[in-house]
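Position chains B, C, D and E with the ligands relative to chain A; hints supplied.
Single-letter residue listing:
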Amino acid sequence: MHQMISELVEALQYTFIQRALIAGCLIAVCCSFLGVFLVLRKLSMIGDGLSHAAFATVAFALLLNQSPLLVSIPLLMLASVAIYALNKKANLYGDAAIGMIAGTGIALGVLLASISGGFNVDLFSYLFGSILAVGKEELYAAMFLCAAVISVVALFYNELFSISYDEEFAEVNGIEVKRVNVLLMFTTSITIALGIRLVGTMLISSLIIFPAVTALQISSSFKKALILSASVAVFSVISGIFAAYLLDFPAGATIVLMNALLFIISFIIRRIKS
Amino acid sequence: MHQMISELVEALQYTFIQRALIAGCLIAVCCSFLGVFLVLRKLSMIGDGLSHAAFATVAFALLLNQSPLLVSIPLLMLASVAIYALNKKANLYGDAAIGMIAGTGIALGVLLASISGGFNVDLFSYLFGSILAVGKEELYAAMFLCAAVISVVALFYNELFSISYDEEFAEVNGIEVKRVNVLLMFTTSITIALGIRLVGTMLISSLIIFPAVTALQISSSFKKALILSASVAVFSVISGIFAAYLLDFPAGATIVLMNALLFIISFIIRRIKS
Amino acid sequence: MNSEEEKIVEAVNVSVKYGQTEAISGITIAIKPGDYIGIVGPNGSGKTTFVKAMLGLVPLSEGKFVFGVKPVKIGYLPQRTSALDPKFPASVSEVISHGLLSEKKFPRRINSADKRRIDEIASMLGIETLKNRNVGSLSGGQQQRVLLARALVNKPEIIILDEPTNALDPHIRENFYELLSKLNAETQTTILLITHDAGNIGNHARKFLYIDRKLIFFGSFNEFCASCEMTEYFGPYAQHYICKRH
Amino acid sequence: MNSEEEKIVEAVNVSVKYGQTEAISGITIAIKPGDYIGIVGPNGSGKTTFVKAMLGLVPLSEGKFVFGVKPVKIGYLPQRTSALDPKFPASVSEVISHGLLSEKKFPRRINSADKRRIDEIASMLGIETLKNRNVGSLSGGQQQRVLLARALVNKPEIIILDEPTNALDPHIRENFYELLSKLNAETQTTILLITHDAGNIGNHARKFLYIDRKLIFFGSFNEFCASCEMTEYFGPYAQHYICKRH
Amino acid sequence: GKENEENTSNLEKEKIKVIATLFPSYDFARQIGRDKVEVKLLLPPGIEAHSFEPTPKDISAINKADIFIFTGGAMEPWSLDIIAGIDRKKTIVVDAGKGIKLLSISGEAEDAEELPEEKEHGEEEHHHNHAGKDPHFWMDFDNAKKMVDNIASALAEKDPAGKDFYLKNADDYKAKLDSMDEDYRSSLDKRRPRTIIYAGHFALGYMAKRYGLKLIFPYKGSSPNSEPTPKRIAYLIKTMKETGSKYVYHEELLEPRAAKVIAEQTGAKILLLHGAHNVSKKEIKDGTTYLDIMRTNLDNLKTGLGEEGKNEL
Ligand SMILES: Nc1ncnc2c1ncn2[C@@H]1O[C@H](COP(=O)(O)OP(=O)(O)OP(=O)(O)O)[C@@H](O)[C@H]1O
Ligand SMILES: Nc1ncnc2c1ncn2[C@@H]1O[C@H](COP(=O)(O)OP(=O)(O)OP(=O)(O)O)[C@@H](O)[C@H]1O
Ligand SMILES: [Mg+2]
Ligand SMILES: [Mg+2]
Ligand SMILES: [Zn+2]
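Chains as they are written, first to last, in my numbering: chain A, 23 to 296; chain B, 23 to 296; chain C, 18 to 263; chain D, 18 to 263; chain E, -2 to 310.
Some hints here could point you the wrong way.
Claimed, not checked - With a cut-off of at most 30 Å between alpha-carbon atoms, the simulated DSS-like pairs for lysine-lysine come out as follows:
hint, chain 1, residue 1, chain 2, residue 2
1, C, Lys122, B, Lys245
2, B, Lys200, C, Lys172
3, D, Lys148, B, Lys111
In short, the hints are calculated from the structure, not lab data.
One chain only, chain A, in its complex shape:
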């Protein structure tokens, strides 16, 4: 026990661990807030889907000899709006729309990779970040992102909630349904684009889904669900990084498995309650 603590104290002295903790918590808060809305709208897989779409945008950026992140963010914003439009106009379920954009993204990426002949880099390597390799600028980016996401959720809390619950009623009620939805999709796509770079696809996708479903197991009101989701996310990041350090496990995977564990606990709580 004593040794464990001294190991953790040692861990905290590394800049890369400090950055992983801070950036991880910031990203976790963003993802977990957005996650509640996304899961309830059957857009759980949007992290996964947009990371596939990013495959095409990176290929496109390399073809134009531009910075992949700068090209990807606007294109992913477009992709997320396309998902929304398919959902509405083509009367599709959210997850099917995500699958379509993801599939098209991968196919376009492969096609570009094949016909361009101009680049020889692994497109995936531009997608994957690692929570242990967060740079200083990236830390600032995470702070900025977190502030932006929290403001959006705080300022548009009632609109987002009302639209997620009953879009038709919100429409009649004079809420700018389309605009708020696009805002949500934009916020989500920026979070995902930056998040993939910072902490990797696996972690982003999991931080969107797990804290939200864990919170949904035991929340009877929406506000409680949001707060619980954020708490679960932050706890999983901190405990996951420490556990990874102690056990010599990969950090991202440990955080995901920590999330799975928290879900199981909340599931058991719900079962006992009823």
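Leaving out everything else, chains B, C, D and E with the ligands in the frame of chain A:
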């Protein structure tokens, strides 16, 4: 025009093109039938999700020094039942359940890779097949799979339809809801496990989603949706392979993009109709 | 067999809990073949819970349901709290056909006799012209009739209907009540019908089940109208309203 | 202003098509502030379509709706064809609070006055004890009351209700009608109420709109009951039934 | 004898800790440093760069290491993230490819990129410099020699006392590389036809260019993410029929699926051409070296290419 035809005739003389056409159509039929059920149950992303889970199962198989396919199939069947159980017992949406299994799968795979100290082969090569590299035994496997899927859908057509439409009513009506659902999940997971190996994740996932949503755009009855979905799938495979040959494009990506094109057409048809 | 003893289904001390709170408790009644029972009670009193428990859709916390010897064919119309998915490509005749699956053995197939039966019930409920329409695109009342047809199409021995006349227009409502009465009279079909239309149900049902978390009354209408206990419980006006004594 | 001219909303030659088929065609009526209109018609006759078109939820194929000068506050209760998601973690008071958002400017916040208002409407509809319950776990009638509360909470100038009394028990139904009449009488709230309860609506509504794909009748109840055309259209019995002349 | 002396005279001094990202640099560091160094390959055997995630202890090991060798931004963009966090005063960061002219995919040589000096150097900007360059430079023995020099001078910088030892080992090793190069030349120069039918990705460009071999593979582009196109496979098959080639080559660590299909159609046999990015767990256990791999490649090329002196069709 004349030259195009002679090129296609030439293409048809290659064994690998013949196999791609046959195996592709067989897999397409399987995926498109199952796809209609899966999309309507918000399990569109199951192809993507199980391929992530397969990452863990392949890592596990390599660790045990066993054949990846033989270990993966039962484990993926388990994973698909886990998705179903999460959906029911934890009262989760299908897509969130898929995301949870996918995230856990990737994390476990990464963890296994990290603690095992390495493998003798690249994990991914067991995940990604290519429609242009279908072997003879694999062709037989595809035939067998197709026969199995068609029989399941034909024999349990009414049960599957009734359960997908209104599970509570089906239950009251004396239909073995759980058993039929597990059957669907098993069939799906075997199709995906084999399909990934034969034609790759991208194509499997797209062949599950695209033909089904294309059919849903313009079908007023369920039977029509199934038939249309299978036709779209087979057409996309054949025309995609031929187009890829003529244009010197990668085959899998071309088939996916052909599917996207067919979706757009059906979307326009629906718009004109109403 | 002694007809006094004959039961199609019996509820013995049935209780259901959601979490800690009891929705219904200790309900014991015996339903005989051919009964036509109106189930009444205020909102949230446990009517839906009672029939769902009978159908095995919610677990009992206590007690049991005992069914008659042979397995009975049940027709069920759920209360519209969860809805039909408007994106689902199911035509009216396809949805009605699901009602026929219960009698069939594997592999369950819809044959031409079944198709005639579907047409028959559809025209009884006035939806024969909608047969090939997508159910999701129908109006509320049209959808309700499709679900009614699905519940009735296999000539069930027990029909359980949870607020079936919601959304029906008066004309169809009357037709529907007539149809039920005919089924009850001619084929001895047992009917359990949940309704808030207490002022009207007395014209159709012959028995009366009043639930308010527990059993308040179960018996024939005449008994209900004559019961002093019930007069006390409801006050004279309600009884008057239900019994239509004026 | 001439009260003859004053209108809160006017439908001018309104038609709606779904695909090729016309759901309603050429409906022209003028609704005045303070009107209490019962909208009646058989299933699938276009009642829901008409109010949805008024609310901008379905596109018009022809004609237009003209609203009064200032933007009006609308309360809306949809017909329960698509349902509340039982998995959604929304408490009763949260759902009711959505009804208050329409009056607010960015950033829309629920303050303590709003909370008092929510409590008030909840107790009017008898759901004050359910305030913190998850809406998905309520009974059908309880859910319907939550949605009613949401529609009424912001004291709208027009209330549009699509079969509001479905699933309500008789006691609550009477309370609800009283509430509406009070709102109409005291605050001049305009009410449009779709119902199949034609035999009852005459006791509450003062005008009568009968739609059957096109406009059949629009006017006061007295006019309706006196109209020979309507006697011809409905046959004497239906008119008698609606007008309660016996 | 001299080595022993060194070791005993520095008993308290620990071995130099070296971490390398890719197999060739790992092997070179072993060959140069011998028992004065402790070399670790960061990527576990058989693991492909995307599914690799370092553990916190890996990162702290890198930060504690004396020397960290990476192979250049084009090959390993993920390594840049890690390099950015390294304290350069403690750990020497070596770009093994420093001074090597990268071939562009069209085959022209260009200057290798500079090592990113500080984190402020925008990463994204750095990344796209590699577009169009072939990063598999270790497949050319001259480049391998430059890598050896880069690694040797880093070791010498870290441990000035052992400078002569490292430089001598490096020279010895470079001599081995030269003699292997000579073997390649003498064995391959006269072979006709000289077309390599390679059912793998674009990893052998440097080798093919050096020995004047023609390399054809089924991918239209050179990205590892490209898929084979049907026409290119058909072209491979046609070429095999035209040249009478009896062998088709496949790449390391992956299942030779495409190669099998081609072999089946043409009746050819399958041989390995190892790109030496990473090795399998078994190869690590067997102590396989870069030279072993290149030797096997040469043997397989001798088997698979035409007879000496035969005329190309
Ligand atoms: N989305 C849709 N697509 C196609 N047809 C539709 C759609 N919605 C409604 N309809 C049709 O339009 C007509 C009018 O429907 P509407 O819902 O307005 O009827 P209603 O008067 O509200 O009926 P009810 O009393 O049953 O609620 C019906 O015939 C219905 O089938
Ligand atoms: N899933 C659930 N979880 C928790 N409580 C529930 C659930 N379903 C119903 N209840 C509660 O159980 C009680 C009985 O509900 P039930 O649906 O049986 O009422 P009902 O008599 O059918 O009412 P209504 O006339 O409104 O349909 C209600 O108080 C309701 O809130
Ligand atoms: Mg009920
Ligand atoms: Mg309606
Ligand atoms: Zn390579």
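Any hints from earlier that this structure breaks? Give me their numbers in increasing order, please. No hint contradicted; all consistent.
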